[in-house]
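Undergrad: All chains should be modelled from the sequences, with the hints used to inform the complete structure.
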Amino acid sequence: EPEVTQTPSHQVTQMGQEVILRCVPISNHLYFYWYRQILGQKVEFLVSFYNNEISEKSEIFDDQFSVERPDGSNFTLKIRSTKLEDSAMYFCASSVRGQGIMEPQHFGDGTRLSIL
Amino acid sequence: QKEVEQNSGPLSVPEGAIASLNCTYSDRGSQSFFWYRQYSGKSPELIMFIYSNGDKEDGRFTAQLNKASQYVSLLIRDSQPSDSATYLCAVKGRTGGFKTIFGAGTRLFVKA
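Chains as they are written, first to last, in the working numbering: chain A, 1 to 116; chain B, 117 to 228.
Calculated from the structure, these hints are not laboratory results.
There's no promise every hint is true.
Partial pick of chain B residues on the chain A-facing surface, computed with a CB cut under 10 Å [what the hints assert, rightly or not]: (1) Phe150; (2) Gly157; (3) Lys158; (4) Pro160; (5) Glu161; (6) Leu162; (7) Phe165; (8) Ala201; (9) Leu204; (10) Thr216; (11) Phe218; (12) Ala220; (13) Gly221.
For every residue, glycine included, the Cβ atom is placed at its ideal position computed from N, Cα and C.
TA: Take a look at the structure:
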């Protein structure tokens, strides 16, 4: 069964450094998402992306965050100047369609980001 | 008011019993509803989705939706120890929205 893959599985970064999290969505999917989950807390929506542009973002997704689809397969989340509170599990997800009511999102295994 | 609310649990049931997990949501315009299972340290795994009032069955799982009451539930029949996990209720908003809003999850323990 096709799956969303994320790399790396664990990223350790010094506070203030830039970090890029990578995702390869399912190949026929057109809509891509990033979510984060701080340890012990709920999964939170960050951003959705379609047709090379952001379609929706949350208040968490401020100017330090950016997303990009640099080629036909990768989807990246960049955090420009990391803060301690950015430590979390970051999940990439994808779906065939974005706005259909029956459209579930399929999640990758996540990248655990630890900011020191 | 929280957008998606779940009892955090833990909910403990004996093996073979029915586990009942509940969720309420605040946005009356919500269109579709999902149940994900999340094992500790792992990613959410889709179990079921439902968008029409009533019941939807898939194997041992039954999702129930009542839009008038803004309530969605998941029943797990013949619970197994491997069902022990956190169950996340997720709601997709109004038509035209992309984001899925998650509840904090209910921890389920199935005792052998």
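Undergrad: Indicate, hint by hint, whether the structure satisfies it.
TA: Hint check results:
Satisfaction of the interface hint for phenylalanine 150(B) is found here, the shortest Cβ-Cβ separation to chain A being roughly 6 Å, below the 10 Å cut-off. Among the interface hints, the one on glycine 157(B) holds; its C-beta lies about 8 Å from the nearest C-beta in chain A, closer than the 10 Å criterion. The closest approach between the C-beta of lysine 158(B) and any C-beta of chain A is roughly 7 Å, which is under the 10 Å cut-off, so the hint is satisfied. Against a cut-off of 10 Å between C-beta atoms, the interface hint on proline 160(B) holds, since the closest Cβ of chain A lies about 5 Å away.
Because the beta carbon of glutamate 161(B) sits about 7 Å from the nearest beta carbon in chain A, less than 10 Å, this interface hint is met. Annotation: interface hint on leucine 162(B) holds; nearest CB of chain A at approximately 5 Å, less than 10 Å. The interface hint given for phenylalanine 165(B) holds, since its Cβ lies 5 Å from the closest Cβ of chain A, which is under the 10 Å cut-off. Violation of the interface hint for alanine 201(B) is found here, the shortest Cβ-Cβ separation to chain A being roughly 14 Å, above the 10 Å cut-off.
Annotation: interface hint on leucine 204(B) holds; nearest CB of chain A at approximately 7 Å, less than 10 Å. Below 10 Å, beta-carbon pairs count as interface contacts, and threonine 216(B) has one with chain A at about 6 Å; its hint therefore holds. At about 4 Å, the closest approach between the beta carbon of phenylalanine 218(B) and any beta carbon in chain A falls short of 10 Å, and the interface hint on this residue holds. For alanine 220(B), the interface hint holds, since its Cβ comes within 10 Å of a Cβ in chain A; the closest pair sits about 4 Å apart.
Contact between glycine 221(B) and chain A, as hinted, is supported at the beta carbon level, the nearest pair being about 7 Å apart and thus within 10 Å.
Violated hint for the displayed structure: number 8, the only one.
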